[in-house]
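Colleague: Taken in order, these protein sequences are the chains called A and B. Numbers given in this note's numbering equal positions in the first sequence, counted from 1, plus 2. Numbers given in this note's numbering equal positions in the second sequence, counted from 1, plus 237.
Derived from the structure by calculation, the hints contain no laboratory data. Warning: the hint list may mix true and false statements.
Unchecked claim - Keeping only pairs whose Cα atoms sit at most 20 angstroms apart, straight-line, the calculated EDC-like set for lysine to aspartate or glutamate is:
1. LYS263/B / ASP308/B
2. LYS263/B / ASP309/B
3. LYS106/A / GLU316/B
4. LYS53/A / ASP4/A
5. LYS60/A / GLU248/B
6. LYS53/A / ASP88/A
7. LYS106/A / GLU19/A
8. LYS53/A / GLU316/B
9. LYS317/B / GLU248/B
10. LYS118/A / ASP4/A
11. LYS106/A / ASP335/B
12. LYS106/A / ASP4/A
13. LYS53/A / GLU73/A
14. LYS72/A / ASP335/B
15. LYS250/B / ASP308/B
As the list claims (entries may be wrong) - Take a look, some chain B residues computed to stay more than 12 angstroms from chain A by CB distance:
16. ILE249
17. LYS250
18. GLY253
19. SER254
20. SER257
21. LYS263
22. LYS307
23. GLU316
24. HIS322
25. SER323
26. LEU327
27. SER333
28. PRO338
Ideal placement from N, C-alpha and C gives every residue a C-beta, glycine not left out.
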Amino acid sequence: GDSVTQTEGPVTVSESESLIINCTYSATSIAYPNLFWYVRYPGEGLQLLLKVITAGQKGSSRGFEATYNKETTSFHLQKASVQESDSAVYYCALVANYGSSGNKLIFGIGTLLSVKP
Amino acid sequence: AQTIHQWPVAEIKAVGSPLSLGCTIKGKSSPNLYWYWQATGGTLQQLFYSITVGQVESVVQLNLSASRPKDDQFILSTEKLLLSHSGFYLCAWSLSGDQAPLFGEGTRLSVL
Chain A
3 GDSVTQTEGP
13 VTVSESESLI
23 INCTYSATSI
33 AYPNLFWYVR
43 YPGEGLQLLL
53 KVITAGQKGS
63 SRGFEATYNK
73 ETTSFHLQKA
83 SVQESDSAVY
93 YCALVANYGS
103 SGNKLIFGIG
113 TLLSVKP
Chain B
238 AQTIHQWPVA
248 EIKAVGSPLS
258 LGCTIKGKSS
268 PNLYWYWQAT
278 GGTLQQLFYS
288 ITVGQVESVV
298 QLNLSASRPK
308 DDQFILSTEK
318 LLLSHSGFYL
328 CAWSLSGDQA
338 PLFGEGTRLS
348 VL
């Protein structure tokens, strides 16, 4: 079936260090699913961080980047220099198609990121 | 601008009691609407989706039901809560099925 696997947290890094949160996907219902990263900051709702709908393309937002790699079925989230304000839970997700049952957004487990000052 | 509002923000309910959670979307007509649920320590799961008034599709069976009485309203309910219903419920909307849904603030439900 369709699934998303991402780095298990918590992940702790120091401010100004680089970050990578791994995400790999398995999509059997659709060849090239749309891929997303969502973020939930403390006390806030779930927000879309970035999206990529074309294989081979890169999405970026707030200093974060993720490249849609169809060969390795990966969509890793990276940032060159994190800030304390990046502390949040990050979710990798894909949209899968279920024919007459419609589309379904499938999430990874979420990765809690803590950035130390 | 589109806004999505969920109510209540949090609920504490007894096992066996009824539940009704609401969601309203303003500023967009005929959106796709979704209900998601996350158990403590679990992943977000899509429960229901609706592409039009009066039409709701179930994705995961959790002894819950959903209705869309108006274009901008989505209701999640059950007549009898279970302990396993505890968790975080999120409403979301999108313009089409392959777009990234945008989420409300969520409702924290504790069933005791």
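Colleague: For every hint, state whether the structure bears it out.
Modeller: Against the structure, the hints come out as follows:
1. LYS263/B / ASP308/B: Distance ~10 angstroms between LYS263/B and ASP308/B Cα, so the pair holds.
2. LYS263/B / ASP309/B: Measuring from Cα to Cα gives roughly 7 angstroms; hence the hint holds.
3. LYS106/A / GLU316/B: Measuring from Cα to Cα gives roughly 26 angstroms; hence the hint is violated.
4. LYS53/A / ASP4/A: Since the Cα atoms of LYS53/A and ASP4/A sit roughly 18 angstroms apart, the hinted pair holds (cutoff 20 angstroms).
5. LYS60/A / GLU248/B: violated, 40 angstroms
6. LYS53/A / ASP88/A: Given pair LYS53/A, ASP88/A holds - Cα atoms ~18 angstroms apart, limit 20 angstroms.
7. LYS106/A / GLU19/A: violated, 35 angstroms
8. LYS53/A / GLU316/B: violated, 38 angstroms
9. LYS317/B / GLU248/B: holds, 15 angstroms
10. LYS118/A / ASP4/A: Violated, because 35 angstroms separates the two Cα atoms, which is more than 20 angstroms.
11. LYS106/A / ASP335/B: holds, 8 angstroms
12. LYS106/A / ASP4/A: Roughly 10 angstroms separates the two Cα atoms, so the pair holds.
13. LYS53/A / GLU73/A: Cα-Cα ~18 angstroms, so holds.
14. LYS72/A / ASP335/B: holds, 18 angstroms
15. LYS250/B / ASP308/B: Violated. LYS250/B to ASP308/B sits at ~28 angstroms, over the 20 angstroms cutoff.
16. ILE249: holds, 19 angstroms
17. LYS250: Nearest chain A Cβ is 22 angstroms from LYS250/B, so the label holds.
18. GLY253: holds, 30 angstroms
19. SER254: holds, 26 angstroms
20. SER257: holds, 20 angstroms
21. LYS263: Since the minimum Cβ distance to chain A is about 16 angstroms, LYS263/B lies beyond 12 angstroms and the statement holds.
22. LYS307: Its Cβ never comes within 12 angstroms of chain A, the nearest being 20 angstroms, so this holds.
23. GLU316: holds, 25 angstroms
24. HIS322: holds, 19 angstroms
25. SER323: The claim holds: SER323/B sits with its nearest Cβ about 18 angstroms from chain A, beyond 12 angstroms.
26. LEU327: With a cut-off of 12 angstroms, LEU327/B comes too close to chain A, as the shortest Cβ separation is near 6 angstroms.
27. SER333: Label violated. Min Cβ-Cβ 8 angstroms, cutoff 12 angstroms.
28. PRO338: The assertion about PRO338/B is violated, with a minimum of 6 angstroms to chain A.
Of the numbered hints stated above, those contradicted by the structure are hints 3, 5, 7, 8, 10, 15, 26, 27, 28, listed in ascending order.
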